[in-house]
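Using the numbering used here, read the sequence shown as starting at 982 and increasing by one per residue.
Some clues are possibly wrong.
If you anchor each label on the Cβ, the simulated ranges turn out as follows [what the hints assert, rightly or not]: (1) L1245 - F1051: 15 to 21 angstroms; (2) K1003 - A1175: 18 to 24 angstroms; (3) T985 - E1228: 44 to 50 angstroms.
Since the hints were derived computationally from the structure, they do not count as laboratory data.
Just so we're clear, the structure is a prediction, and the values are computed from it rather than from any experiment.
Where a beta carbon is used, it is the ideal one built from N, C-alpha and C, also for glycine.
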Amino acid sequence: MNTTLLGACLISYLILPWLGEKCLRRWGHLQTNFRGVAIPQSFGVIVLLQTTLLFSLLAKFWPQQQPSLFRWELLCAVFGLLGLVDDLWGTPHFRGLRGHLRALFQDGKLTTGLLKAVGGGLFALGFSYQNFAPHWLRVVFGGLVIALFANAINLLDLRPGRAIAVFLVIALPLLLLTPRPLHHPLLFLMLGAASLWPYDARGRAMLGDVGSNLLGAAAGFACAATLPLSGLVGTLLLLCTFHALTERVSLSKLIEENRVLRFLDRLTGLR
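Given the sequences, and given the hints that come with them, work out the whole structure.
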């Protein structure tokens, strides 16, 4: 088992990111970044491939973990694929929830961003119900936190390395709160995100909605499954405040105008 798992980890965390960056560039799946340079887009699809490979393998070696691994894989697959649809067919002209709603009601256009938000929100509530019922407050708050966290990490993915760095900072204490951190699916997700960070932080590839959506949903589920109800409510309030703020002001501008935030932000990647 150890040799097989080690080999799968080497393939997932070393070879897949390197190969993925090369393939996306060769296929011409590029997008212009904030510096005006065309770089591979949807690089976060590698995390989806990593989780599919490793969680399937771990389910064979750790049969007692199969239900947990299946839940995490389902969450990653749904939110990752919703993000990928937006990456492939979305338009940058409509931003924020208000922008997507305006496109629907004023222009009669159903955007992929709105489909992602509505589809992700409905799935998050159903997923939360399956995991936390009959604890109804946790079902509702957990579903909202999963959906809002997915969008929050997405909103952070405007500069290299920022989204992954924030995900890792949030996920680490949550992982340490679990009973068996070394056997938890979140650990393998964190390792996957960390394996992509050098490419993202250096501006060599763009995480895309497929990656940020997936990682955000994972962080939200970790909060819902780990925190006490009071902590979950506090997280929900913070997420609501964050979304209300980003609807009114530019997040990047807000960071640039604050000395502490600017310093921390520059630690996450190229600026």
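Results for each hint:
1. At roughly 36 angstroms, the beta-carbon separation of L1245 and F1051 lies outside the given 15 to 21 angstroms, and the hint is violated.
2. Take K1003 and A1175: their Cβ atoms lie about 20 angstroms apart, and the range 18 to 24 angstroms holds.
3. Separated by about 48 angstroms at the C-beta atoms, T985 and E1228 satisfy the suggested range of 44 to 50 angstroms.
Hint compliance for this structure: hint 1 is the single one not met.
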